[in-house]
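Novice: Please model the entire structure based on the sequences and the hints provided.
Count the sequence shown with numbering that gives the first Met the number 0 and you get residues 0 to 303, in order.
Errors might be hidden in some of the hints.
Stated by the list, open to error - Computed cross-link-like contacts, DMTMM-like style, restricted to lysine to aspartate or glutamate with a CA-CA straight-line distance of at most 20 Å: (1) K258 - E102; (2) K184 - E209; (3) K184 - D272; (4) K222 - D159; (5) K249 - D127.
Said to hold, decoys possible - Label pairs and their computed distance ranges (CB to CB): (6) H41 - K184: 30 to 36 Å; (7) V48 - A123: 46 to 52 Å; (8) A90 - G12: 18 to 24 Å; (9) G203 - N82: 33 to 39 Å; (10) T292 - N82: 32 to 38 Å; (11) E182 - T235: 20 to 26 Å; (12) C233 - A107: 48 to 54 Å; (13) T223 - A62: 46 to 52 Å; (14) G290 - L256: 41 to 47 Å.
Hints listed in this document are in silico derivations from the structure and should not be mistaken for laboratory results. If you're wondering where the values come from, they're calculated on a predicted model, not measured in any experiment. Even for Gly, the Cβ is constructed at its ideal location relative to N, Cα and C.
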Amino acid sequence: MAAGLVTVFGGSGFVGRHLVRALANRGWRVRVAVRRPDLAGHLQPLGVVGQIHPVQANIRNRASVERAIAGADAVINLVGILNESGRNTFAAVQAAGARTIAEASAKAGITKLVQMSAIAADAAATSDYAASKAYGEKAVLTAVPTAVVVRASLIFGPEDNFFNRFAALARFSPVIPLIGGGETKFQPVYVGDVAQALVAAVEGKARAGETYELGGPEVASFKTLIEYILKVTCRTRAPVSIPFWAARLKASVLQVLPKPLLTVDQVDLLQSDSVVSAAAEAEGRTLAGLGITPTAYESIVPGY
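Specialist: See below:
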């Protein structure tokens, strides 16, 4: 374990568990900063004894963030939410939270900071999710100019919230909704590839101060992905096109549930494609630019 100590915020989630394993395999000591360390015990078997250590931290509490960063050689921020709940708003978590981590890193003299973001990030977006991601990116690069921002398209893997979600819906629903006609385009990227890209960034293989965009080898529409899920799960269901205005109306009702199936912000997010830009491709700010061969979703999804 000679690579040093890295603090990973949000390391107990979907991307986090794959990242923690990848870091451990590379010899890093990993301090996993989470709100509930008692629920992060599943991470410790991913490394050798003493290599992975969960600690308590809340990104809305600057003192806890500074404690989690103390003595670290690098920091990775994975914290993000798909919908708001109580004090966990997009602005508080993805914008202000990212700024707190970056400022604490700068105060501690840490120059290796990697910020996980999304290709959808756009300060001018109508989606609060997308706008807060963009604000978080700006805050990180302002506080730590040598930081690396990693934007991803739709991330898939055994615990994902897309393929699994619609496969589960197909079990009992006779129809599958296609918001906006299912025309939104994605470039599904494997969680294992995302983890390797984050490791490459923290190890200095990415250009400092740059924003990388991660996508898989194929671009597919929402409709195409739904049809693929139905094919793999051997279910016959009727995809039904729902205009954005109707989806927003339905989401305004659904989002009041404790665990909303759909929110207005998610509908707004679907009005923009999530694919790697031509500029990122040309400048090598992609998986290929980091020496990683993208994995096709067809080779992974049937396994789970």
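Novice: Now tell me, hint by hint, if it's right for this structure.
Specialist: Verification of the hints:
Distance hint between K258 and E102 is unfulfilled; the C-alpha atoms sit about 32 Å from each other, more than 20 Å. For the proposed pair K184 and E209, the alpha carbon gap of about 24 Å is over 20 Å, so the pair is violated. A C-alpha spacing of about 5 Å is found between K184 and D272, which places the hinted pair at or below 20 Å, so the restraint holds. The straight-line distance between the Cα atoms of K222 and D159 is roughly 18 Å, inside the 20 Å bound, and the hint therefore holds.
Distance check on the hinted pair: K249 and D127 sit about 18 Å apart at the alpha-carbon level, within 20 Å; holds. Remark: the range hint 30 to 36 Å for H41 to K184 is upheld by a beta-carbon distance near 34 Å. Taking the beta carbon of each, V48 and A123 are about 49 Å apart, inside 46 to 52 Å as hinted. The hinted window of 18 to 24 Å between A90 and G12 holds, with their beta carbons roughly 20 Å apart.
For G203 and N82, the hinted distance range of 33 to 39 Å is satisfied, since their beta carbons lie about 35 Å from each other. For the hinted restraint 32 to 38 Å between T292 and N82, the CB-CB distance of approximately 33 Å keeps it satisfied. The hint said 20 to 26 Å for the Cβ distance between E182 and T235, and at roughly 22 Å that hint holds. Distance hint for C233 and A107: a CB-CB separation of about 53 Å, consistent with the stated range 48 to 54 Å.
For T223 and A62, the hinted distance range of 46 to 52 Å is satisfied, since their beta carbons lie about 47 Å from each other. Range check, G290 to L256: about 44 Å between beta-carbon atoms, so the 41 to 47 Å window is met.
Against the hints set out earlier in the document, violations occur for numbers 1, 2.
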